Each structure stands twice: as structure tokens, then as C-alpha cells.
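Enquirer: The residues making up each chain are set out below.
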Amino acid sequence: MVTTDEKGPLTAKKKSVIIRSCDGDEFLVSESAAVLSTSLKKILEEKEDRLIHLSDIDNKTLAMVIAYLSTHADDGLSDDLKRSFDQEFVSGKEFDVLKYLVLATDTLQVTCLCYTVAKKMADIMKNKLVEWVRREFDIQNDYTPEAEAEIRRLDAWAWDDRQLEDD
Amino acid sequence: MTCKRKRLKSIDSLPDDLLFKILLHLPTQDIYDKARLVCRKWYRIIHTHHFVYEHLQHTTYGLLFQGFVENAIFLALRQGRIEISRYSFKFIVPVWATCNGLIVQFDCHNYKAIYITNPITKQIFVIPSFISIMVRKHLCGIAYAMASMEYKVVVTHDPDGVLKGQRCAILTVGVDKSWRNVPTEHLSLEARKVFNKGPLITEGFMHWAMGGGVLTLNVETETITETPAPVPQVYTRVQMCYVSTGKYLTLLIRCGQYLWQFWEMKPETGEWRKLPNISLEAQKCRMEQLGFEHSDTIYPSGWLKYPEVLTFVVSGPDRSSMIFCHLLTQEIDLIDIPNFTDLHKVVVHRNSLVWSSDI
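Top to bottom, those sequences are chains A and B. Residue numbers for the first sequence follow the UniProt record's numbering, beginning at 1 and rising by one. Residue numbers for the second sequence follow the UniProt record's numbering, beginning at 1 and rising by one.
Everything labelled a hint here was simulated from the structure, so no lab data went into it. All values reported here derive from a predicted model rather than from experimental measurement. Honestly, I wouldn't trust all of these hints.
[Stated by the list, open to error] For lysine to aspartate or glutamate, the following EDC-like pairs were computed, each having C-alpha atoms within a straight-line distance of at most 16 Å:
#, chain 1, residue 1, chain 2, residue 2
1, B, K284, B, E222
2, A, K128, B, D333
3, B, K41, A, E46
4, A, K119, B, D17
5, A, K119, B, D30
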């Protein structure tokens with residue numbers, strides 16, 4: 001991602017913005033980091049105000065997103081280091097934490113992080129049974145037993161359909 | 001100031017488009033066998049044309065290996081390791097070429113019948129039969145024309161005997177009731193001989209390749225162009241292996257016991273690009289330790305992951321194996337193939353959710 005202020009005057013790089021979470025905590029962020037989020041970039045382009053209030057992101061989640069943005073805005077870090085930071089960033093995080101993180105990155109339009117988090121969430125679900133997914137993620141099974149059996153049955157019968165068509 | 005953060009009780013309270021983004025990363029088999037069954041909402045998200053084709057873009061190519069006809073396994077490289085999964089689908093004939101997870105099969109017991117199947121969804125789509133006694137069952141392939149969003153099945157045959165030259169017939173799946181001829185008059189009889197080989201598939205193209213050159217069919221425009229090999233085949237005994245990566249066509253020319261010249265062709269332009277030679281010299285000792293001999297035949301059979309891991313088949317009098325050569329690290333992995341025969345097929349493939357309703 002390209003930061004817009006690279007070509008601007010040197011002072012532009014030093015600019016910073018204050019981002020406030022829904023619980024009222026404030027974070028001082030360099031503008032070059034903030035603009036890595038497409039939504040924040042748009043807000044900054046539209047208004048002079050250096051204070052952005054995010055009413056739907058809590059401080060814990062926002063702190064994580066800002067740590068990510070700051071790392072990626074750091075020109076002193078190599079791409080390899082940034083990549084390993086991304087891996088570290090999601091590893092070991094609970095599904096519950098990732099849930100809020102994926103929502104926040106989607107709202108803020110931090111595409112790369114949203115992708116990494118979504119992938120991590122899928123990795124947790126990988127190779128798990130249907131019942132495990134429902135239980136762990138608190139999902140109501142809204143299939144009737146008949147409907148669920150029907151989906152499973154259709155698979156088993158796929159091959160036989162062909163033979164019927166043959167006749 | 002009030003906090004508007006939503007309390008996310010479960011993953012299900014995430015907006016549909018985010019669930020969509022998460023489910024995209026699940027392996028094909030997991031989506032089909034499990035995710036679909038979790039709840040109706042997940043089922044609705046998955047059963048859309050948009051999801052199926054987005055998911056396909058997230059799916060990497062691997063190799064479909066068919067031992068005895070019925071049983072096939074899928075090999076893929078995930079996080080640096082070879083992952084093997086077995087299909088519960090029973091194949092009826094050897095698989096020669098696949099496209100977007102779909103396979104064309106001629107029914108061995110009923111030569112008139114041609115099916116398109118997806119071994120993950122196990123669905124069967126019957127297409128109009130191709131009536132010609134000169135069709136060899138394996139000489140058919142399927143490719144996807146992206147702009148028109150159509151699948152096309154191609155059969156090569158020699159209706160008037162070999163002397164009058166091979167022909168090529170095409171059928172747009174779900175549209176055509178009968179087969180159409182692809183113009184081949186501009187090709188020499190000699191060039192058309194290559195239709196005797198099974199096709200190689202890349203995205204939007206179908207290739208027939210042999211020794212000195214390649215015929216490429218653009219499935220969108222239905223035109224065939226001829227591309228000579230980047231270096232002429234001087235001796236017929238020089239081993240020239242054409243292998244599809246899924247996106248590109250590659251050519252591996254053997255120029256030493258364990259050395260190959262490596263070329264890549266972009267199907268859109270037909271231009272060859274030379275890449276660094278591939279050498280297994282460093283693995284020679286290791287291979288000898290593993291019991292392989294100089295007289296064993298060895299040939300490149302497919303890319304487990306392009307351009308990182310190339311798969312070779314090595315076969316001697318007593319044993320056959322697949323060797324996976326990690327080109328960057330120069331490490332090798334090995335899988336023994338018991339009772340290796342000509343029926344064993346290694347084909348570039350990716351598992352998909354493309355159902356018959358999308359065809």
C-alpha cells in the first residue's frame with residue numbers, strides 16, 4: 001500500500017491524528033499509519049478535524065488495529081519483517097478476539113489485515129465437525145432434522161441420479 | 001458518549017459479507033461436507049455463483065493422482081508441507097485433464113455417454129454424446145471461457161482415418177445440442193498429428209503438445225494457433241515434457257541425467273520464456289541411498305506448486321515413486337507408488353464447488 005504523504009512536504013509526515021474508541025480511550029496515530037485504512041483516509045480528506053471518533057470499535061480492538069497500522073507504516077521495516085509480524089499478530093488469538101478484529105478491519109477497510117484475520121478464523125474451523133462449529137461459535141442449528149438429512153442424502157444419491165437418467 | 005459497539009454473541013451475528021470472506025478460506029471439502037450443514041444462513045451464502053467462483057480464486061492448484069482408476073488422491077502443498085486427501089468419489093475412467101475442479105469422463109461401458117463430474121460435490125452432468133467410432137476415450141478435455149462464462153468440451157478424433165488428418169470438435173455445455181467442428185484446415189497434417197495426445201488445460205486454453213510444437217485452442221474464440229517449441233527437437237529421443245501449471249504451459253527438456261532446461265509459455269501470447277535450469281544433481285546421492293539406479297526412468301510429471309515444487313515420476317524394475325523436488329531449498333520428498341502402470345495419471349487440478357447448476 002502506498003502512503004499518500006510520501007510525495008508531500010516533509011512536515012506532512014509528522015502529522016498525527018487522534019482516534020477515539022467507543023469506550024472513550026484516545027490513541028495518537030501518525031497520519032501515514034492512519035491512511036493505510038481506506039475509511040480513515042476518506043475521513044481525513046473530507047474534514048480538517050484531527051480527532052476521529054469510532055463509535056463502534058472498542059479500545060482493545062482499536063489498539064490492535066493501530067499496532068498493525070503503525071508497523072505497516074514504518075518505512076524502516078522490510079516486507080519480510082512485516083509479513084512475519086502479520087503471522088505473529090493473529091497467532092494465538094482467541095476466536096472471540098478475532099471476531100471483533102475482523103469486524104473492525106472491515107469497517108475501517110484495512111483490506112490486508114481483514115484478509116489475514118478471516119483466514120485465521122477459517123484455519124480454526126478447518127477439519128472440525130459440524131457439531132463442533134455450532135457449539136464453539138454458538139450457532140443455532142435451524143435445519144429441521146429432515147432438511148439436514150435431505151442435504152446429506154442428496155450427496156449419497158448423486159451417482160444414482162446418473163443411472164436413472166441413463167434409463 | 002454512547003458505545004455503539006455491537007455485542008457479537010456468536011460468529012453468526014457478523015454481517016453476511018464478512019462471513020463470506022471467512023468461509024472463502026476453508027478447504028473445498030470442508031465447505032461441502034461441513035460448513036453447508038452448519039445452518040441455513042451458511043448454506044445460503046455458499047450456494048451462490050459468486051461464492052463458488054470467489055472460492056475458486058482462493059484455491060491453489062495441486063495434483064490429482066489416480067492410482068487404480070477408481071481411487072484417486074489429491075496432493076497439495078500447504079504451509080510448506082505436502083497434504084494428501086482421498087476422494088470418496090468413485091472415478092470410472094482415467095482422468096486426463098480437468099478445469100475448475102470439473103472432470104470429463106467417457107463411460108467405459110457405454111462409449112456414447114459423456115459426463116462432466118465434480119468429485120467433491122459428486123454431481124454428474126450429462127452432455128450430448130459424440131457419435132464416432134474413432135474417438136479414443138481419453139482424447140477429450142474441458143476448459144472455461146471466462147468472458148462468456150461457458151464451459152466447453154473438446155474431443156479430438158480422426159473421422160476419415162489418420163491419412164486425412166485429425167479433427168477437433170467442440171460443444172458448449174448447457175447450450176449446444178450437437179457438436180461443432182473447430183476449423184483446422186490451416187494446420188498441416190503433420191501438425192494435426194498431435195491431436196493424438198491427451199490435451200493439457202490452462203485457464204481459457206487447451207493445448208496439445210508433442211516434441212517440436214504446441215497447438216493451442218483459445219476456447220473463447222475457438223481458434224487454434226500453432227506455436228513451435230522454443231528450441232527445435234534435434235533428436236527424436238530427446239525427452240521433451242510439456243506440463244500444465246494450471247495457468248501456464250511449461251516445457252522441460254532433458255539435457256543430462258538429472259538436468260532439465262526449463263521454459264514457460266504464456267497461453268495468451270504463445271511466447272516462451274526461459275527460466276533457470278532444473279537440476280537434481282545434488283539429490284543424486286540421496287536417490288542412490290533410497291535405492292534408485294541410473295537405469296531407472298525419470299520424468300517430470302507435474303507441478304505440485306508452481307514454480308516451487310516439481311514432481312517427478314521415477315520408475316525402475318522393482319519400484320516406482322513420486323519425487324517432489326522443492327526447487328528453492330533443494331529438498332526432496334518421496335512417495336512410493338506400488339504396482340506402477342501406464343494407467344497411473346498425474347494431472348494438475350484444483351478442488352472446486354462448481355455445481356452442475358453453474359455449468
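Enquirer: Work down the list of hints and note, for each, if the structure agrees.
Expert: Cross-check of the supplied hints:
| no. | hint | in the structure |
| --- | --- | --- |
| 1 | B:K284 / B:E222 | violated, 45 Å |
| 2 | A:K128 / B:D333 | violated, 28 Å |
| 3 | B:K41 / A:E46 | violated, 37 Å |
| 4 | A:K119 / B:D17 | holds, 14 Å |
| 5 | A:K119 / B:D30 | holds, 14 Å |
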